[in-house]
Structures are given as structure tokens and as C-alpha cells.
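Asker: Chain order of the listed sequences is A and B. According to the working numbering, the first sequence holds residues 128 to 375 in order. According to the working numbering, the second sequence holds residues -4 to 330 in order.
Rather than coming from a laboratory, the hints here were simulated on the basis of the structure. Worth double-checking, as some hints may not be accurate.
Simulated crosslink set (DSS-like; lysine-lysine; CA at most 27 Å straight-line) [claimed, not checked]: (1) A:198 <-> A:341; (2) B:218 <-> B:0; (3) A:283 <-> A:249; (4) B:199 <-> B:218; (5) B:218 <-> A:198; (6) B:130 <-> B:285; (7) B:199 <-> A:198; (8) A:198 <-> B:114; (9) B:114 <-> B:218.
Residue strings, one per chain:
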Amino acid sequence: MALLEIHGLIKDFGGLRANDDISITMERGELVGLIGPNGAGKTTLFNCVSGLHPVTSGRVMFDGQDITDLKAHEVARLGLARTFQVYVASGDLNVEENVMVGCFMRTRSPSRARARANEILKDLNLHDVSEFRVSELTVAAQKRVTMATALGSDPKLLLLDEVAAGLNPSEIEEIMADIRHVHEDMGVTVMLIEHVMELVMKVSDRVIVLDSGKKIAEGDPETIVEDPRVIKAYLGERYVREHGGDIG
Amino acid sequence: METIKNALDFSDSPRIDLTIAGLVALFLLVFPIFPHSAFAMATMIQFLMFSLYGMGWNTIGGYGGQVDLGKAQYVGIGAYTTAVMLIRWDVPFWISMPIGMCFAVIWSFIIGYPLFRLKGHYFAIATIATTLVLKDIFEVWDFVGAARGLEISPIKYIPPDFLRLIFKQDVYYYYVILGFFFLGILYVNWFRRSRLGFQLRSIKDNEDVAQSLGINVHWAKVKTYAIATAFVSLVGSFHACYIKNIEPEDTMSLDLSILIALMAMLGGAGSLWGPIIGAGILIPCKSYLKEWLGAQVGLVGIDLIIYAGIIMVISAFEPRGIWGIVEKVRRRKRS
Chain A
128 MALLEIHGLI KDFGGLRAND DISITMERGE LVGLIGPNGA GKTTLFNCVS
178 GLHPVTSGRV MFDGQDITDL KAHEVARLGL ARTFQVYVAS GDLNVEENVM
228 VGCFMRTRSP SRARARANEI LKDLNLHDVS EFRVSELTVA AQKRVTMATA
278 LGSDPKLLLL DEVAAGLNPS EIEEIMADIR HVHEDMGVTV MLIEHVMELV
328 MKVSDRVIVL DSGKKIAEGD PETIVEDPRV IKAYLGERYV REHGGDIG
Chain B
-4 METIKNALDF SDSPRIDLTI AGLVALFLLV FPIFPHSAFA MATMIQFLMF
46 SLYGMGWNTI GGYGGQVDLG KAQYVGIGAY TTAVMLIRWD VPFWISMPIG
96 MCFAVIWSFI IGYPLFRLKG HYFAIATIAT TLVLKDIFEV WDFVGAARGL
146 EISPIKYIPP DFLRLIFKQD VYYYYVILGF FFLGILYVNW FRRSRLGFQL
196 RSIKDNEDVA QSLGINVHWA KVKTYAIATA FVSLVGSFHA CYIKNIEPED
246 TMSLDLSILI ALMAMLGGAG SLWGPIIGAG ILIPCKSYLK EWLGAQVGLV
296 GIDLIIYAGI IMVISAFEPR GIWGIVEKVR RRKRS
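Only chain B is shown next, with the shape it has when bound in the complex:
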């Protein structure tokens, strides 16, 4: 009971934040009613997916301060579990998604347990390495389609198929992911004030102090890494049904891992709204830059140059991202 109450309790956010959040939520709920292009709809779905990736990353990367650059491997595990189970055994999304989550979480324990003996940059590099290895394995593994990947053929099912999550119109996908998005916010809102959330913030500050307060630092990190993984794997499963065509290159790439971390850091790592703000800025940038400058003007790769620029600006001026700037301004006003 207390858990549900705490998840719904946003009272420590200033009123202005809640007003803005409410308006944004309302906009998200009614957005499909207004006339929009298919491109805008696809961008919105991407925004929601990446917000969820970011929220997951934020638990370990933001609150825990462990820079994780290997989240894509769990996107892949979720996506492949759902796709393989649907194609081979006709298992619906709502069953394969939690199974994929279990696989991802088990994998995260196998990876996380030794990796969290490392600190700082070494940890970040090791997470990249494990992703690269897993991607290479999937690229030669015939059972999952190797480098060709897997394709979910939509003609086999009669849309709208709510069990298998096969739809013709994107608006269905939009509302499914929007539901997960709201649940994700409630979960993170609970998490940040839970015992584990507090422990992580203490670990981020000073591990010696955290230990002396009875916190099993290593185990707390491994547990949170699994939570982050569950988020990412869920969206991976959704990705499989939504895109219907998955290959190691787009579900497990280093680009995706970095984009997930970058988004949360740009918005504000370690804050509730940060990953959403980050996704809200970067995803439209990514889509439209690719579309206009990439495809139309011919500046291929311009989006990557802009990400690199953003990384440099954040790390030089405000490591706590956009939300860090907001908080700084507020504190200055108060004092």
C-alpha cells in the first residue's frame, strides 16, 4: 500500500513542474486525435521508447552514478526473445516480454556481478566490450537469423492483434508504449525515494561512507543494474513487434548504447524528468536532422556530429545536464 502511495506522490516537485508535466501528459494523451503525419507519429513513438530507455539507464547511471555504455545488449535480448518466440512458437508479446525480461535480468547478473568490481571508466569500457561480444555472437548464430536478423511477417496475423502486438496503424503502438511510459515514470518516482534509491545516491557520493552505513555497495549496484535492464528489455520486446524487422546491427549497436546514456545525461542524470527532457530534445533532432539534412541535403552523418557536439558541451559546462541548469537557477533565486 505504502509503495503505491509513494509511487503516486509527487509532492516534492514544485507546482510549476507538476503543471508542465500535467500539460505534457495531456498533450501525449490527445496527440493522435489531431491531424499528424506518419513521420510525426513515428517520431513520437521513438520519443516514448527512448524516454523509457533513459529512465532505465537513469536508475543505475544517474542515481547510482555508474556510467553504463552497454544497455543495447539488453535491448537485443528483449527484442530477440520476443521475435524468436513469436516466429517459431507463436508466443504472444505479453508472455514473451516478461520471459525476455527474465533472460535479460539473468544475463545482467552474469555480466554485472564481475563488472561491478570495476570502477569509473573501467566499468564503462567493460560494458561496451560485453555488448560488442554479444552482438558478434548474435551475428553468427543461425537460430536467431545471424546477421540477416529476423522478420515478423504481419500478413500472418489479422491486425489489430492485441495479444501479439501486431497492428497496422501506429496509433495502437503509440498508446501501448504511452502506457508503459506512464508506468515507468511512476516506478522511477517510487524508486528514487525507496531504500535502494537512497542507498544508490549515497554510493554515488562516497562508497566508503555508504559501506559504513551498512550498505552492501556491490550488491546494491548489481540489483539496480538488473532494474535498469528490465526497463530496457521491455522496450526491446516492444521494438521487435513495432519495427518487425530486427538485426544485431540496430538492436545491439554501440550507437544505441551511447544514445541511451547520452539522452539521460543531456536531460539530467539522477533526476526524475531528466531522461524525458533528453529524449524530447534528441529524438526529434535525430529524426528531423536525418530526414532534412541527411536525406534531402545530403549531409549524411550530420546527426552523429551533433551528438558529439552535445557531449562536449555537457561535459564542459554542466555535467548534470539541462535539469542541472534548472536546479542551479532555482537555487540562485531562493538564496
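If we strip away everything but chain A, and leave its shape as in the complex, we get:
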């Protein structure tokens, strides 16, 4: 049984169709990259799956259960965690406390939440900054803290929304290692939205491409980059005509 099944998902905002008949199946243990130009509907899809937006039509199944009409906190409790693209984490809480909020999903006891938070921080090499406020950290570290917080809830599936945006190459290396660690060592199934192609191509088992709300292509990273439809979505029709689909 697949871990996540999206069947014909449609999401309208007034007259704008942000997600148009999208169907995606994800197996346990996969790492799927979700790419597409700006405005393709990637984040909207995350919002619909995680229960933040009600869907217009279509069904979402998670771990054998229909989660289409569940609220965001109920979806989260079933083991579907996510990060947010724009999230300046708490001014009030320090790094450790931020991660604890995630851990509190699985326990009532503050001491157990703290212990679990520290395990995760050690795992992601963030324990040096656990006393800092999140606003005092670099963007890269902030992004990793949001990942750690999501992991605090011990998810089965983790949706990462542009964790590498705005990072420099060495920071991208670091976060790539984190993602691999989460996927391989912690056994979490991951779907990531990313604009940094280098990262998507290196870590993903499979890549799904959205454009103007529709799924236009799906496949392993090597074939996806050569798919004319994908090149067209990114570079325009004329480019494809003139170069014959070769983006060398």
C-alpha cells in the first residue's frame, strides 16, 4: 500500500485553478522532488495535502486513511509533517524550545519532550545553538531548525517547502546531508519542493513537475531534465524549437 495517494486533486481560489487534477502516488521510503516554475501550484499542493486549505475536489489518502477532510492538526497527528517556505521562527522561543513544540505532539511530559528535542538537535548538528533564539541564527540554520521541529513529531512523511532557498553552496551541501540523513537513517519518506536543481537532482529518487497547476511530467531525475515539456515550462516554447530540446 502506498503511503500517500493523491487522486485528481483540484484547488480553486475564486476563478484561479491553482491545482488542476493532480494525481500522485508515493511509496514508503521514497524521496520525491516536486519542481516547477513560480506559481505552478507546488506550495498550494502542500497546503491541500497537509489540511491547511480545503480542497475543491479530489481525494487524499495517507497511510490507508482518507485525510481529505481532516483539519491540519489531525493530519499532523497521523504522521504527516511539513515545513514552511517563509517562516521566521519564534521570537519568543529558543532553538531547543522550538523543537520541543514538535515533540509535544507525541508526549505530554516536558522532560521527555526536551530529551527527544536534544536527540534530534544532536542528530542534525544543531546542539551548539540550542540556547539561541532562532532569530539570532543564519538563514541556513533557521531552515534546519524548522526541519528539526517538524521531525520532533516523529513523522512518517515529511513535506519540505524550499529548505535550500537563499542558501550558499556550502550550506546547500549541509542541508543536503541533513535531508539524506533524515531519509536514509531516520527512515522518513520525504517530498521536497525545491528550486535549487542541483539538490533536487542529487537526492531525489523521482521528480514530479508541475506547471500552471497541472502535473506535466514525472520520472527519474536524469530523464526529467531532458523532457521537452519540462524544458518548455522552464525556458519557453521558442527555446525548445530553436535548440530541439537539448539544454546542454
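Given the coordinates of chain A, assemble chain B onto it according to the supplied hints.
Answerer: Frame of chain A, contents of chain B only:
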């Protein structure tokens, strides 16, 4: 067990804070021994009462960031329950106080459940409106004395009556409320590091993120609103026995609601010591300004002008209040 341990654990506060807190606690314990005027004693009792109001408000308003300007309705419910039960059926304070708390909490669920569908300013305005409605109801409700209010006649009881909380000397009231004050601090100290406390701080930051971490945002707010209500209602019950004369105008007024919120915000919303600092500054100000400038010099209403000024200064310079300034200075020193 862990709960009690956590309530007593102040280890995350710097040593200097704990030293100051210890000295203040010691001063509060021995204050009645020193010669003092009746006016000073009354001011101290007011300070403790308002600290407790502020601590209650701080749970939902400070940690949860939901600006609640309707706390007075719960002061009224607590005060009226205790007064009515004592006058009509001779029920002692220690029984009527928890019953009043239950009424207040039930009312808070009825009010809070729909109101927390609103956000920000809309929520604040709605809390004001519900208080005004409840006050109007009490002003025409004969069973509770309507606009005349209720009076607990002290001559019917032989003071000191510990069960009914009827005393001749204020020092008894002082120690009762001081006991609640210390318990209140322990409770908030536990609360801020409990699961609900963390969840609220996450909600205050970003509700979408909070939801995605499995937090039922609406329910967490309603629950915390009930906790804040329990605090306020307890002090309301105490108020009835202490003042012995209650009317809708002074237990349920908008002034009181605003003063409760203002105090916590001035001291520092969302911090353990903030509401106490706020009460420690505003209550003496209020009493002495009213006494000197109001009654003696004839500047009636001067205290209100000063509150308004304080609100403007806080919102313009440091929304996190006095405690916010302390923390800012400390962080600057550290880095």
C-alpha cells in the same frame, strides 16, 4: 510528581532575578510586622489582587498573544457567586469560591468557543462586548441586587471568621491573598513550560505552523481562556469578602478589564514576572495619584490620563513591556 517538581523549578531564571524575587517575597511576608498605615495595607492587598488578575490574563493574553479585554466579567461572576451564596444560604468562601470558579469557567467556554473564531482586534472588541452585556444583565437582575449591588454585613459574623473570610483587620486578608499570590506564581511557572504553554507560544508566533505541528489551535485557546478565567474568578470571590460591597459598576466595568490587561502589558506580557512588575508600578500609582492629586488637589481623573499615557508609551517604544526592556539589555550585554 513531575508537575510539582516543575512548578518549583526556577532554574532557568538568572540568579539575580531569583535573588530579587526572594527579597521581594521576604518583604511581602514580613511587611505587616512593620508599622504601616491602613492606606498602605489596602494598597498592598490591591497589588496582590491585581498581580493575580495579571497572571491569569498573562496565560492567554501574554503567552497566547490573544488580547482579552473582557476579564472583568469573570471577576463579577466570582464575586457575585460568593456574595449571593454567603448572603442567601450562608455558604462559606471556601465552598463558594470553587463553585464561582466553575460558573466562570463554564461561562468562559460558552463565550470563548465562538469568540476564538475571531482574530486580533476583532477578538478584543468581542470580549469587551460580552462584558458590557453581562454587566447590563446584572444591573437589572433583582436576584443579585440589580444596580444597587450586594452588601455583606460584617456584624452578622464574629470576626475573625476564617471559613467565610470575614475579618475586621486587613492583615488577615493580606495573608490569604498572599498565599494565593505564591500559589499563582508556582502555577504560572509550571504552565509556561507545560505542553499547553509551549503550544500557546507557538500559536502566538504562527497559527499555520502550530497546526502543522498537531496543535488544535482553537481548543488550546479555549482551554487557556478557561485557565485565565479561573484565576480572575478566584480573586473576584476574594474581592467580595474583602470589600463586602459589590455592584456591577466596580466588578464588571470596562475600566477593570482594561486595567488588568494594561498591567500585564506594562510589566511584560508573556513573561513570568511581568504582571507582578506591572501591578507593582500601576497599583501604587493608582492609589496615591487618586489620593493626592484626585482628592486633595482636585485633579479628578488624573489616574486615567496617566494610564492612557502609559498605553501610548508602551505601544510606541516597547510592546513587550518593562520585562522586554530588561531582556533586550541583557541580550545586548551577552553578545
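Asker: Quick one, are residue 218 of chain B and residue 198 of chain A close enough, alpha carbons at most 27 Å?
Answerer: holds, 19 Å
Asker: Checking one constraint from the list: CA of residue 114 of chain B to CA of residue 218 of chain B, max 27 Å. Satisfied?
Answerer: holds, 16 Å
Asker: Could you grab the alpha-carbon distance between residue 218 of chain B and residue 0 of chain B and see if it respects the 27 Å cut-off?
Answerer: holds, 23 Å
Asker: Hinted pair, alpha-carbon criterion (27 Å max): residue 130 of chain B, residue 285 of chain B. Please report holds or violated.
Answerer: Holds - the C-alpha atoms of residue 285 of chain B and residue 130 of chain B are around 25 Å apart, at most 27 Å.
Asker: Quickly compare the C-alpha distance for residue 198 of chain A and residue 341 of chain A to 27 Å and report which way the hint goes.
Answerer: Holds. Residue 198 of chain A to residue 341 of chain A sits at ~25 Å (cutoff 27 Å).
Asker: Keeping to a limit of 27 Å between CA atoms, is the pair of residue 199 of chain B and residue 198 of chain A held or broken?
Answerer: holds, 19 Å
Asker: Keeping to a limit of 27 Å between CA atoms, is the pair of residue 199 of chain B and residue 218 of chain B held or broken?
Answerer: holds, 15 Å
Asker: Decide if the proposed pair is consistent with the structure: residue 198 of chain A and residue 114 of chain B, CA atoms, cutoff 27 Å inclusive.
Answerer: Given that 27 Å is the threshold and the Cα spacing comes to 18 Å, the pair holds.
Asker: Hint check: residue 283 of chain A vs residue 249 of chain A, CA-CA at most 27 Å. Holds or violated?
Answerer: holds, 20 Å
Of the numbered hints given earlier, the model fails none.
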